[in-house]
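Sequences listed follow chains S and A, in order.
If you want the working numbering, it's the 1-based position in the first sequence plus 513.
If you want the working numbering, it's the 1-based position in the second sequence plus 513.
Honestly, the hints are just simulated from the structure, not real lab data.
Misleading hints may appear alongside valid ones.
Here's a subset of chain A near chain S, in silico, CB distances under 8 Å, partners left out [as the list claims (entries may be wrong)]:
{"#": "1", "residue": "D695"}
{"#": "2", "residue": "A699"}
{"#": "3", "residue": "K716"}
{"#": "4", "residue": "L722"}
{"#": "5", "residue": "A730"}
{"#": "6", "residue": "P734"}
{"#": "7", "residue": "R804"}
{"#": "8", "residue": "M811"}
Under 10 Å between C-beta atoms, here's a sample of chain A residues computed to sit facing chain S [what the hints assert, rightly or not]:
{"#": "9", "residue": "A601"}
{"#": "10", "residue": "M602"}
{"#": "11", "residue": "A605"}
{"#": "12", "residue": "L608"}
{"#": "13", "residue": "D685"}
{"#": "14", "residue": "K771"}
Using N, Cα and C, we set each Cβ at its ideal position, and we do this for glycine too.
Protein chains: 2
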Amino acid sequence: MSLLVTGTVAIDSVKTPFGQRETCLGGSATYFSVAASHFTPVCLVGAIGEDFPEDYLKIFTGRPIDTTGLERRSGSLTFRWKGSYAGAMNEAKTLETRLNIVAEAPPVIPEKFRDAGFVFLANTAPAVQLTLLQQVKNPTLSVADTMNFWIQNTRDDLLELIEYIDALVLNDAEARMFTGADNLVAAARQIVQMGLKFVVVKKGEHGVLLMTEENQAFVLPAFPTDAVKDPTGAGDSFAGGMMGCLAAQNSLDLPTLKKALAYGTCVASLVIEDFSLDRWQIAGRPDIEQRYRQLKDMMQF
Amino acid sequence: MSLLVTGTVAIDSVKTPFGQRETCLGGSATYFSVAASHFTPVCLVGAIGEDFPEDYLKIFTGRPIDTTGLERRSGSLTFRWKGSYAGAMNEAKTLETRLNIVAEAPPVIPEKFRDAGFVFLANTAPAVQLTLLQQVKNPTLSVADTMNFWIQNTRDDLLELIEYIDALVLNDAEARMFTGADNLVAAARQIVQMGLKFVVVKKGEHGVLLMTEENQAFVLPAFPTDAVKDPTGAGDSFAGGMMGCLAAQNSLDLPTLKKALAYGTCVASLVIEDFSLDRWQIAGRPDIEQRYRQLKDMMQF
Chain S
514 MSLLVTGTVA IDSVKTPFGQ RETCLGGSAT YFSVAASHFT PVCLVGAIGE
564 DFPEDYLKIF TGRPIDTTGL ERRSGSLTFR WKGSYAGAMN EAKTLETRLN
614 IVAEAPPVIP EKFRDAGFVF LANTAPAVQL TLLQQVKNPT LSVADTMNFW
664 IQNTRDDLLE LIEYIDALVL NDAEARMFTG ADNLVAAARQ IVQMGLKFVV
714 VKKGEHGVLL MTEENQAFVL PAFPTDAVKD PTGAGDSFAG GMMGCLAAQN
764 SLDLPTLKKA LAYGTCVASL VIEDFSLDRW QIAGRPDIEQ RYRQLKDMMQ
814 F
Chain A
514 MSLLVTGTVA IDSVKTPFGQ RETCLGGSAT YFSVAASHFT PVCLVGAIGE
564 DFPEDYLKIF TGRPIDTTGL ERRSGSLTFR WKGSYAGAMN EAKTLETRLN
614 IVAEAPPVIP EKFRDAGFVF LANTAPAVQL TLLQQVKNPT LSVADTMNFW
664 IQNTRDDLLE LIEYIDALVL NDAEARMFTG ADNLVAAARQ IVQMGLKFVV
714 VKKGEHGVLL MTEENQAFVL PAFPTDAVKD PTGAGDSFAG GMMGCLAAQN
764 SLDLPTLKKA LAYGTCVASL VIEDFSLDRW QIAGRPDIEQ RYRQLKDMMQ
814 F
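For reference, chain S alone in the conformation it holds in the complex (with noise of 0.2 Å):
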C-alpha cells in the first residue's frame, strides 16, 4: 500500500561530543522518508525555501520516494533547527528554531497522493495535521507524531485531531505530561482508551513501549550500540521503519506491529551512527536486515 509522509524538510546545526555540524539536511519527513523507502514507496509532501540547498536533494534521487508534494516556495525560506546533545545524548537542547516557511500556510497534498492507504502525520500543530489528513480520502492507517509544546498549549486541537487519527506516536515524557499518570504502561493505556487503535511510546536508549486497543502491551528494547554519534532523526527514522514495514506487509495485525516495531528500531539504531542522513551513504536494507536478525536472536530466550 501506498504511504504518504507530511512533514519538515529542514536545514539543521548539530553538535554532540562526537561532533558538530553547521548546516545539514535534516527535517522529520526527511529522516521518514529515507527510512521508510528501504520497505516501501513513499510519497514526501512538505515545503521548502529559496535558501535550500539544491544538492541536499540528492538524498531523494534513487530511492523509491516521489517528491511532486515538496513544494520549493520563492520568497520563502525554510525550516531551520539548531540544537545539542549532551552526556547520554537523550534529549536534545534546541538552541535555535527559525519556523520560517512552517509558520506560513501548510503544503497541499498533490490530487495523486490523495488515495495512500498509509499516512504518517509529521510532528507539527495538531490543527495542521488534521487539515493535512483530511485531504487524504480513506487512509487505512493514520499515525501522528506529537510532542510537549502540542500537548501544552493545543491540547484540545490534539484531543479532536486523536478522533481522527488510528495511533499516536510520542515520548515517555510527553506520554507522562499528556495523561498525568506516572507509570508509563498506564499511560500508552489512557492515551490508547481516547480512541485510537495503539500508540507507540518512544523511550530513546531504552527502546519502545506499544499498546494497543485490546490492551497488548509490548515492549522492544534500542538496539544495544556504543556507535551513537548524532541521535537527531531517530524517533522519525524509527516511524519511518516502522510505517514503512506496515505499509509493505498492508497488515495491522499484532505480529505485524512487532515486527514492525523492531524494523523501526534497526532503522533508528543505523542512522544515528553518523551525522544527519549520513549514514544512508552506505546503508541499506541488507544492513537493516543483519541487524532485525541480530535483535531477533538477542531477544529469544
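Knowing the structure of chain S, use the given hints to seat chain A on it.
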C-alpha cells in the same frame, strides 16, 4: 548447586503514592532469599538485632531457606531504612538510614555454607564483601551488587573486589558514574573489561542490560505492568531470581544467562506489586512461570 547470599535483614519504613508502611520487613538478603527460593535452596547470612520482630522471620518458614547464618545479636539493633518514592518511582528517596548492626563486625559464614557453588554479595562496603567472599572455598559463580556510595568513596576497594568476583550488578546511573561513559553499552563493556565474566546493569522500569566478557550484549525490558505499588527490593529480587535460576541450572552459558535475566525480571515485577514482601504471601512459582511465558511470547516477533 547451593546458593549463598550475604546481606541485610532489615526493618523498613516506606511511603509511595499508593500508601505507606511504618516498619515492615525489608533488607537485601530477605528480598534475595525469598526470590531465589522459588528456584533453589538458599543459605542466608546476615545479622539482626534484639529489636527484630520474631514474626517477621515467618517469611522464611516453609521455604527452602537455611537461616543458620542469620545471627541475632542481643545488645544490637537491626539495620533500619526509611524511604519514599514519588512519580514514576524509579528512584528511592532515602529519608533515614540507621546502620546499627551493619556498622558492627560482619556476620561470619557458617562452616557448612562455605562450599557454596553460587554466591551473591548484596550491597555493602566492598571490603566487607571481600571478607565474606574469602570465607567461601571455591564458588562456581560469585556476584556482587554495589552502589554509588562505594563507587565514590571506596573505589579502590571496589576495584580490588572486582579482581575476586565473577560478575557485578549495578544500576545505570552507577555504571555511568563508575566508568565516566555516558553510553550504557560502552559503560557496561568497560566494567566487564575490569576482569569480570559479565555485568548486569539494572535500569528500573526500562529493564536490564547484560554484557559478557565475549562482548555479547543482551537487553531485556522490564515486564510491562501498571500495578507497581512499592519498588523496594526490586533489584535484590531480580538478583535472587537470576541467581536462583543459574544455581538451579548450574550453568553460565549465554542461553542460561538470558533465561536467568528473564526470570529475575519476572520475579522483580511480582514483588513490586505490593508493599514489603507481601506479594509472596500469595504468589509463587506458578505466577513466575506464567509471567515468564508472557514475557517470552511478548519478546518474540
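Here is how each hint holds up against the structure:
{"no.": "1", "hint": "D695", "verdict": "holds, 5 Å"}
{"no.": "2", "hint": "A699", "verdict": "holds, 4 Å"}
{"no.": "3", "hint": "K716", "verdict": "holds, 7 Å"}
{"no.": "4", "hint": "L722", "verdict": "holds, 7 Å"}
{"no.": "5", "hint": "A730", "verdict": "holds, 4 Å"}
{"no.": "6", "hint": "P734", "verdict": "holds, 4 Å"}
{"no.": "7", "hint": "R804", "verdict": "violated, 13 Å"}
{"no.": "8", "hint": "M811", "verdict": "holds, 6 Å"}
{"no.": "9", "hint": "A601", "verdict": "holds, 5 Å"}
{"no.": "10", "hint": "M602", "verdict": "holds, 7 Å"}
{"no.": "11", "hint": "A605", "verdict": "violated, 15 Å"}
{"no.": "12", "hint": "L608", "verdict": "violated, 20 Å"}
{"no.": "13", "hint": "D685", "verdict": "holds, 9 Å"}
{"no.": "14", "hint": "K771", "verdict": "holds, 4 Å"}
Hints 7, 11 and 12, counting from the list given before, are not met by this structure.
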